[in-house]
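Peer 1: Assemble chain W onto chain Y, guided by the hints.
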Amino acid sequence: MTKADLIESVYLATGFSKKESAAIVELVFDLMKETLEAGEKIKIAGFGNFVVKDKASRRGRNPQTGNEIEISSRRILTFKPSQVLKTSINDN
Amino acid sequence: MTKSELIERLSVEHDYLKKRDAEGVVNLIFNGIGDALSQGDRVEIRGFGSFSVREREAREARNPKSGELVSIPNRKTPFFKTGKELRERVDS
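Same order as they appear, the protein sequences are chains Y and W.
Following this note's numbering, the numbering of the first sequence begins with 1 at its first residue and continues without gaps.
Following this note's numbering, the numbering of the second sequence begins with 1 at its first residue and continues without gaps.
It is possible that part of the hints are untrue.
To be verified - Here are the in silico distance ranges between beta carbons for each label pair:
#1 R46/W - V51/Y: 17 to 23 Å
#2 E85/W - R59/Y: 24 to 30 Å
#3 N31/W - R61/Y: 41 to 47 Å
#4 A23/Y - E8/W: 17 to 23 Å
#5 N67/Y - N27/W: 45 to 51 Å
Think of the hints as simulated: they come from the structure by calculation, not from any bench.
Built from N, CA and C at the ideal position, the CB exists for glycine as well.
Isolated chain Y (complex conformation) (with noise of 0.2 Å):
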């Protein structure tokens, strides 16, 4: 499934053209990334939350070398995803 796939089903759910529902979905994305680029969590009930989290500077090896390197702090995105969705995922 892509985007392309979720505009397809607000296209056929909704009364908007094509265009207006991918400039929808292309907005809710938008949004989105807007909000954890702020470094803001986004909670989403009955699927998942996407968290922001700042990790420290550690020591790696770079696995084809072995050369030990220093990675540099930096800030990732995780996704928790919830019971709701966990469970609807098992049940098939």
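Peer 2: Frame of chain Y, contents of chain W only:
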């Protein structure tokens, strides 16, 4: 940001999207992704990320309260991999 706040922002940012329609679209998107995952399908949203289903092996674990040994059967779990664009935006 919660789902209802996302719906609210969507109808504010969009020129003519009523709140009820914004709600319908947001629900279609997350239900659509959830349904696809339940069917074992992978969902890819360019620039945002991809959702897939991962298998978790059965294992023995302990009930942290009683210390009792329990066996957890193999199961599936939703997995989100952040897309390149969003990963870079979150870390900037």
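Peer 1: A separate judgement is required for each hint: does it hold in the structure or not?
Peer 2: Cross-check of the supplied hints:
The supplied range of 17 to 23 Å is met by R46/W and V51/Y, whose beta-carbon atoms lie about 22 Å from each other. With their beta carbons about 29 Å apart, E85/W and R59/Y fall inside the hinted range of 24 to 30 Å. Between N31/W and R61/Y, the C-beta spacing of about 43 Å keeps the proposed range 41 to 47 Å intact. For A23/Y and E8/W, the hinted distance range of 17 to 23 Å is satisfied, since their beta carbons lie about 18 Å from each other.
Between N67/Y and N27/W the beta carbons are some 50 Å apart, a value that agrees with the proposed interval 45 to 51 Å.
Of the numbered hints listed earlier, not one is contradicted by the structure.
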